[in-house]
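*Asks:* Chain by chain, the residues:
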Amino acid sequence: MKRATHAALAAVIATALPVAASADTIKVGVIAPFSGPFAIYGKQYQEAVETYVAQHGTSAGEHEIEFIYKDVGGPNPDQSRSLAQELLIRDQVDYLAGFTFTPNALAVAPLIEQSETPTVIFNAATSSINRESAFYLRTSYTLWQVSAPLAEWAYDQGMRTAATTVTDYGPGIDAENAFKAAFEAKGGEVVDAIRMPLSTTDFTPFIQRVRDEAPDAVFAFLPGGPPTFTYTKTYNENGLADAGIKFLGTAETEEVNLQGLGDAAIGLTTAYHYSGAHDSEANRAFQAKLNELFPDAIANWASVGAYDGTHLIYQMVAAAGTDGPAAVEAAKTLEWESPRGPVKMDPDARTLVQNVYIREVARDEASGKLVNRETGVIATVGDLGWDK
Amino acid sequence: MTLLLNILVDGVAYGMILFMISVGLSVTMGLMRVVNLAHGGFALLGGTFAHWFAADLGLPFWPAAVLGVAATVALSLPLERVIYRRIYGFTDLQQVLATIGLTFLMIASVNLWQGSSLLSIPLPESLKASVDLGFRTLPVHRLVVIVAGAAVVLGLWALLERTRFGMRLRAAVDNRGTASAHGINTDLIFMLAFGLGAGLAALGGVLGAEILPIDAYYPLRYMVLFLIVVAVGGMGSIAGSFAAAIGLGLLETAARYLVPDFATIAFFALVILLLALRPNGLMGRVA
Numbered sequence: 001m002k003r004a005t006h007a008a009l010a011a012v013i014a015t016a017l018p019v020a021a022s023a024d025t026i027k028v029g030v031i032a033p034f035s036g037p038f039a040i041y042g043k044q045y046q047e048a049v050e051t052y053v054a055q056h057g058t059s060a061g062e063h064e065i066e067f068i069y070k071d072v073g074g075p076n077p078d079q080s081r082s083l084a085q086e087l088l089i090r091d092q093v094d095y096l097a098g099f100t101f102t103p104n105a106l107a108v109a110p111l112i113e114q115s116e117t118p119t120v121i122f123n124a125a126t127s128s129i130n131r132e133s134a135f136y137l138r139t140s141y142t143l144w145q146v147s148a149p150l151a152e153w154a155y156d157q158g159m160r161t162a163a164t165t166v167t168d169y170g171p172g173i174d175a176e177n178a179f180k181a182a183f184e185a186k187g188g189e190v191v192d193a194i195r196m197p198l199s200t201t202d203f204t205p206f207i208q209r210v211r212d213e214a215p216d217a218v219f220a221f222l223p224g225g226p227p228t229f230t231y232t233k234t235y236n237e238n239g240l241a242d243a244g245i246k247f248l249g250t251a252e253t254e255e256v257n258l259q260g261l262g263d264a265a266i267g268l269t270t271a272y273h274y275s276g277a278h279d280s281e282a283n284r285a286f287q288a289k290l291n292e293l294f295p296d297a298i299a300n301w302a303s304v305g306a307y308d309g310t311h312l313i314y315q316m317v318a319a320a321g322t323d324g325p326a327a328v329e330a331a332k333t334l335e336w337e338s339p340r341g342p343v344k345m346d347p348d349a350r351t352l353v354q355n356v357y358i359r360e361v362a363r364d365e366a367s368g369k370l371v372n373r374e375t376g377v378i379a380t381v382g383d384l385g386w387d388k
Numbered sequence: 001m002t003l004l005l006n007i008l009v010d011g012v013a014y015g016m017i018l019f020m021i022s023v024g025l026s027v028t029m030g031l032m033r034v035v036n037l038a039h040g041g042f043a044l045l046g047g048t049f050a051h052w053f054a055a056d057l058g059l060p061f062w063p064a065a066v067l068g069v070a071a072t073v074a075l076s077l078p079l080e081r082v083i084y085r086r087i088y089g090f091t092d093l094q095q096v097l098a099t100i101g102l103t104f105l106m107i108a109s110v111n112l113w114q115g116s117s118l119l120s121i122p123l124p125e126s127l128k129a130s131v132d133l134g135f136r137t138l139p140v141h142r143l144v145v146i147v148a149g150a151a152v153v154l155g156l157w158a159l160l161e162r163t164r165f166g167m168r169l170r171a172a173v174d175n176r177g178t179a180s181a182h183g184i185n186t187d188l189i190f191m192l193a194f195g196l197g198a199g200l201a202a203l204g205g206v207l208g209a210e211i212l213p214i215d216a217y218y219p220l221r222y223m224v225l226f227l228i229v230v231a232v233g234g235m236g237s238i239a240g241s242f243a244a245a246i247g248l249g250l251l252e253t254a255a256r257y258l259v260p261d262f263a264t265i266a267f268f269a270l271v272i273l274l275l276a277l278r279p280n281g282l283m284g285r286v287a
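In order, the protein sequence lines correspond to chains W and G. Counting in the working numbering, the first sequence tops out at residue 388, every number present. Counting in the working numbering, the second sequence tops out at residue 287, every number present.
Be a bit skeptical, because a hint or two may be false.
DSBU-like cross-link-like pairs, simulated, lysine-lysine; straight-line CA separation at most 35 Å [as the list claims (entries may be wrong)]: (1) W:K332 <-> W:K388; (2) W:K369 <-> W:K27; (3) W:K27 <-> W:K246; (4) W:K180 <-> G:K128; (5) W:K180 <-> W:K369; (6) W:K344 <-> G:K128; (7) W:K27 <-> W:K180; (8) W:K332 <-> G:K128; (9) W:K344 <-> W:K246.
Chain W stretches covered by chain G per the calculated footprint, using a threshold of three residues with CB under 8 Å from any CB of chain G [unchecked claim]: (10) 35-48; (11) 229-237; (12) 364-374.
These are calculated hints, taken from the structure and not from any lab test. Bear in mind the structure is a predicted one, so any value in this text is a computation, not a measurement. Note that CB positions come from ideal geometry on N, CA and C, so glycine has one too.
Excised from the complex, chain G in its bound form (with noise of 0.2 Å):
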């Protein structure tokens, strides 16, 4: 019983740091029909921001997170206005290799500027603490990273299908020349939502260092895992990539606990099986 109440608790955690580093991507990749491999290194550079902005600056650990995320969102527009607006023009591959270019651009800055080593950034007290569960302990901020999770399932679920933003970056993905017949501003509109996925990509690699700890290489080390959650949940979809995330959480997890020596086997025999079944991942919308 306690196994089990292990599994679900880690896995939970585990699955909400996933969703949390995928969603952006599901937001650039399913959404504005970007193949945006670039995503891991928005999450690295928001990391890297935070870093230096508490470990070399000194500021407490939240300024630094939301000045990270802010640093991360702030050179995104400018890249989007510069790069990515040729990219959404480019074929499918042509995109793979843009953005894998891109990646290694921000891999070698970062290298540049912080070096290759670990780039920690330092948690609070407050956050280091445990909390017991009763049949067990937990770090306070695997509880933070869950209810952020929540936070940005509902947040963005509502900002996309409750406000006007939503209803327009709908309309300008699905039919653009139309859209912007209709007088809606798409060059803003995509660039927004670029901003937003850069800053998704950002905030999760800011929370999900304690697990996913940034580091220069981090893109490449990672970049397999965020795909996953993307192919798995189907592409664009929020609620498939959260199910996604949970889901693969608690099967790594489970696997962890149950067959070690064997967990990384039964997690891709398992993913493999499911987009056998459902090539266009669990919720993902058919072209």
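Just chain W, with the same shape it has in the complex (with noise of 0.2 Å):
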């Protein structure tokens, strides 16, 4: 089905244009923000693709691999989807692969449904998407992934109430109810649930209110950059932490912005999926090759994401070549050591099953600089939201 859709679109198009790939060349699109206020994250998927094609070569089984980078910009599904389309019918590629935003990757459904392409979502991360298609494979996490175990691990830390504090956008609805629900059903009590808008600049009404209820421990989801910079800092100087109330938090000290939160950050407990200190042997290969290549790069999230959805895209390739069907086929059993720690594909949400580690923010003694300590290891977790 998909080689004749393509083999006739080729056809139109090749009268116009000449097809300059030779044929045992396969194509992967990436569509991700490389430009505007998020081009931070296109910038890091291709520095982590690249890392991974200079540590495992171009080829893949018996083929050769290619990787088409297309900006999107920032959250615009019509732009995601008109890119797909050009990627599927100009570029003819066989996988796509990015999208780091929900709606964007959203958007591209339909078009992967009818070609069957595999696309490998690098972050995007609200459980419902792999729903809309057979087609999606994913290699970052969920929101209830690691939301669920904190809760669980509070509560069995001694932690008895707390408050929540989200963004009032649908991933911090989705962490808020995560939250809540492992909270609750182990004995806990959510004392107060506060949205915040997503325009909020100062926290210090939401973080005094927290204070005046005295709750446990304030559990706490934002978008990344400034939202998290003043929130951390509001948290600390309104005692919060010297009143003995806890912060919880998920991808809140992520590594790009961490050193720029400043001391304020120490003892900062958050749940989540990778952590640059991860202490392994694929870690600091996977570091190594990136500072090598980037000497600037950072290692976080949006790079392990791409990195492992890198290896995905190698094992398919090897395994099905331009058989999209076979290819999730294969790759819903593959296991592997990723830098984040041992994962493996969830054959019915096509999510990850992977550790959630506890990490605490500390100064490192030997570089110097902020890091997020893994203190321990809560659970290894499917995707915790696909049911619900």
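Dock the two chains into a complex; use the hints.
*Replies:* This is the structure:
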């Protein structure tokens, strides 16, 4: 079906455009933001992909692999869809990859269904995406996957009451639901669930409100960058740490912005699937190569999602070449050692089953930099939001 | 009662930061009559220079802040001479387009120079500490911003109303030709006023960085906020900007305490209502 579609379309296009690539080159189209406020993610994806290629060569099985990058700019489903169309029809890619934002990933569902193109999501973390097409595979995480184990861990540590403060948009609400469900299932109580407007810059009112309620912990979910910075500052300066209200989060202390948070970040506790400070051979090898190629690069969730995504694509190409359905079938049973630790594909949800680590921000004595020090593994979990 | 005091304290602190950042825009847009959408860009430059001096070159906070503002002013003066001088004569729409273009240039330059991640300006211990107000604690840097904001209001008022420079500036804006004929060097006056606006933007960027953190996309992220303060205050009115900033700060803070889920809607609804009643802002002059 797919070949037939491609052949028909190619016939139309071939009259106008010479097909440059040789027959045995398999192309992978990467759709990500390379300009605008989110450009850093596209850059990180590309760096991680190139790191993987530098380590493993440009061929998988009998096939050569070539990556084509397309700039989607930001959260822009229409643009995402038309870029996918362009990649599938004009560039004749056999695989799609990338996708930072959920709407961008969702927008290509009808296209990949029709063309049977395996599509590897490097980030977009809403559980429901993979329901929309059997050709979606995800190498990041879902919010349920990290928030629910964090709630259980907090209860096990003796925290009985918590307030949740999440940014009022899709992923934030996912995180709030996950935390609340898991915390209350254990017997804990969520005393206040605050949804903060996306445009918030001054978090003092929310933090002060939490402080007045004096729960054992405050769970936070914020989009990366500036909001995280002001939130964690406010958390410290308004004396929540001193009052014994524990900070619990997920991506808030991610590596790219961590140094910017400064000493205020020390002691913040988060649960996440990757820490740049993860102590393993695979992580050291990955970061060594990454920094050899790109001295300024900082490994975080975006790099590791793209790195593992590239691994998945290589495995699929080696196993099935251009046969989309067979490639997805082959991917479903894969297990490997990622820089984040051991991972395997969940055959139903097509999202990784992986460790979730408890991390605490500390200053590394050797480098003098802030790191997310792993203080424990909570669980090996799949996508807990799949059946929600 | 405590809730009310909380709203009051946080609202004034937040409002003062809004004022610090927007007052420069009120100077260039209202007094000089140039639609300067690149205003946020100057705040970004101030913050970026301060970050560079403090984090990369290792200077303490205060020298870095002063140098950051100075560097921005130093950059704005030739910019005024070469580019803005042409922009003054444009129509409103052309001014909007030209200054938006400048904003993109600034964003791209900062992005190229410092990357697109957070550009923090490390605070000294003395500013990071908290003061006990009795019913709660407040970070020292917020108090510093409140004091700085008050100083700017008084300083600007004195400068514009009580000095020869202020008099000449007002004359030059009202009728450039006549002012020139009276021997006022309007080119110089405009350049200095523009430098003042840029310097205030930079100062606001640096001091406000704890609440509106600096990164390459800063001007686009907060442009709406600056424009709202100026629109509500009334263009060209320093006192109006001040009243608007404090009022909006209190309103938004109150909404965040009382109805967090609707804080943004409440804020914009009030702004719309106010502008419907007073289209020229609180203290706007009718042109």
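*Asks:* Decide, hint by hint, whether the structure agrees.
*Replies:* Hints, verified against the model:
1. In summary, the hint linking K332 of chain W to K388 of chain W is supported, as the alpha carbons are separated by about 21 Å, within the 35 Å threshold.
2. Between K369 of chain W and K27 of chain W the alpha-carbon distance is near 39 Å, which puts this suggested pair outside the 35 Å criterion.
3. For the hint pairing K27 of chain W with K246 of chain W, the CA-to-CA distance comes to about 48 Å; that exceeds 35 Å, so the pair is violated.
4. Our distance criterion of 35 Å between C-alpha atoms is met by K180 of chain W and K128 of chain G, whose separation comes to about 33 Å.
5. The suggested pairing of K180 of chain W with K369 of chain W holds, with an alpha-carbon distance near 33 Å, which does not exceed 35 Å.
6. Simply put, K344 of chain W and K128 of chain G have alpha-carbon atoms about 45 Å apart, too far for the 35 Å limit, and the pair is violated.
7. This hinted pair does not check out: K27 of chain W and K180 of chain W have alpha carbons roughly 43 Å apart, beyond 35 Å.
8. Restraint check: the Cα-Cα separation between K332 of chain W and K128 of chain G comes to about 51 Å, which exceeds 35 Å; the hinted pair is violated.
9. With a C-alpha separation of about 32 Å, the suggested pairing of K344 of chain W with K246 of chain W holds against the 35 Å cut-off.
10. Requiring three or more residues with a Cβ within less than 8 Å of a Cβ of chain G, the coverage given for the region 35-48 of chain W holds, as 4 such residues are present.
11. With 4 residues having a Cβ less than 8 Å from any Cβ of chain G, the region 229-237 of chain W passes the three-residue criterion, so the hint holds.
12. Coverage of the region 364-374 of chain W by chain G is violated [criterion: at least 3 residues with CB-CB distance below 8 Å; count 0].
Going through the hint list in order, the structure does not satisfy hints 2, 3, 6, 7, 8, 12.
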